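Trainee: Quick note: our numbering has the sequence shown finishing at residue 249, numbered continuously throughout.
Bear in mind the hints are in silico, worked out from the structure with no lab data behind them. Since no wrong hints were added, every one of them can be taken at face value.
Pair ranges (Cβ atoms, derived):
{"no.": "1", "residue 1": "GLU94", "residue 2": "GLU193", "range": "30 to 36 angstroms"}
{"no.": "2", "residue 1": "PHE77", "residue 2": "ILE194", "range": "37 to 43 angstroms"}
{"no.": "3", "residue 1": "ASP63", "residue 2": "SER212", "range": "49 to 55 angstroms"}
{"no.": "4", "residue 1": "VAL205", "residue 2": "VAL184", "range": "29 to 35 angstroms"}
{"no.": "5", "residue 1": "MET101", "residue 2": "PHE77", "range": "31 to 37 angstroms"}
{"no.": "6", "residue 1": "ARG73", "residue 2": "LEU195", "range": "46 to 52 angstroms"}
{"no.": "7", "residue 1": "SER100", "residue 2": "GLU176", "range": "20 to 26 angstroms"}
This structure is a prediction, so every number in the text was calculated from the model and none was measured. We put the CB at the ideal spot given by N, CA and C, even for glycine.
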Amino acid sequence: MSRNEVDPAKKEKEQERLKSFRDDLSSFRGEFERLKKEREDAVSMNNRSELLGRRPYNTATPENPYAQPSNPNTSAFAPAAARTSGDGLSFGAGQGTYAREEHALREQNFFTTANAQIDEYLDRGRAVLGDLGQQREILKGTQKKLYSVANTLGVSGDTIRMVERRAKQDKWIFWGGVVVFFLFCWLVIHYLR
57 MSRNEVDPAK
67 KEKEQERLKS
77 FRDDLSSFRG
87 EFERLKKERE
97 DAVSMNNRSE
107 LLGRRPYNTA
117 TPENPYAQPS
127 NPNTSAFAPA
137 AARTSGDGLS
147 FGAGQGTYAR
157 EEHALREQNF
167 FTTANAQIDE
177 YLDRGRAVLG
187 DLGQQREILK
197 GTQKKLYSVA
207 NTLGVSGDTI
217 RMVERRAKQD
227 KWIFWGGVVV
237 FFLFCWLVIH
247 YLR
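Take these sequences, add in the hints, and give me the full structure.
Mentor: This is the structure:
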C-alpha cells in the first residue's frame, strides 16, 4: 500500500512502519530460535541425565549384597577380639559376626530393591513395546498413503501419456485437414478458372 500512496509524508510514514514491522519480525524470529535452542538443550540435558542415571554403577544397590559394611569392628580382617565383641551369632570362622536378624534384613532389603528394579525394567519394556506398536501403526498408515499417492501418480502418468498421444494424433489430423483443404481450394480455383 505504501508504494501506491500519493502523499509523500504518508508514504514515508508507512515505509517507516513497514521497516519497524520487519525489524520486529526479525527480532521475534531470533528470539524464537534462541528459545527453541534452549528448549532443545534442556530436553537433551534431561535425556542425558536420565540415561546416565540408569547406569549400574550409579545405583544405591551394592554389587555384592552380602558385602561387609565399612565398620572396622565387623571386618573379617579385624582382630579376633573386635570380631567376637558382637552380640549376634557368627556365620563361620573368619567371615565376621553378622547377627541373623541383620543378615536377614540385608537379604530382604536386597530382594526388595532387586524386585523394584526388575518391575521398573519390565514397565520400561512394556512402554517401549507399546511405543514400537504405535510406531508400527504410524508407519503402516504412512506406507498406505505412499502407495495410494504412487498409484495416483501412476494413473496420472498413464492419463498424461494418453492425453499426449491423443494431442499428437489430433495435431496430425489437423495438419492433414489443412493440407487437404488447401489442395481442395487449389483444385477448385484451378478447374473453375
